[in-house]
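Student: Sequence:
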Amino acid sequence: MKDNIIREKSFLFALRIVKLGKYLREEKRDFILSKQIIRSSTAIGALVRESEYAESKADFIHKMTIALKEANETEYWIELLYKSDYISEESYSSISNDVKELLRILIKIIKSTKASI
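Whatever position you read off the sequence shown (first residue = 1), add 2 for the numbering used here.
Capping the alpha-carbon separation at 30 Å, the derived lysine-lysine pairs in BS3-like fashion look like this:
#	residue 1	residue 2
1	LYS21	LYS11
2	LYS102	LYS59
3	LYS59	LYS71
Restraint-style ranges between C-beta atoms, simulated for each label pair:
#	residue 1	residue 2	range
4	ASP61	ILE34	28 to 36 Å
5	LYS85	ASP61	35 to 43 Å
6	ALA60	ASP5	24 to 32 Å
7	LYS110	ARG18	17 to 25 Å
8	SER90	ILE119	41 to 49 Å
9	ARG41	SER93	14 to 22 Å
The set of hints was computed from the structure by calculation and includes no laboratory data. Glycine included, each C-beta is placed from N, C-alpha and C at the ideal position.
Using the sequences plus the hints, can you model the full thing?
Tutor: As structure tokens, then:
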């Protein structure tokens, strides 16, 4: 089976954010923002996994589009954490680059799948 880049990258990203959530809860005593970013970031990979067994191309596109929306929401939470001084500029830059890469990949998958219909 061919490597599934979005599957791998979305899982590793979710794992990274789960660790960030743990840091936010333990070190910053934050329970609201950490919950929000964990929810949206883990949804990306979960939707990618769901799409592997989509019932049709339309269902596949739908799941990937929701994953795209979750990635966009995650980007919001990352920016909010940075602007509110919960994470450093270095962490923000690194995590932000990762989510932007996921956004680009998801957009490309959606566009290419729509073009193939």
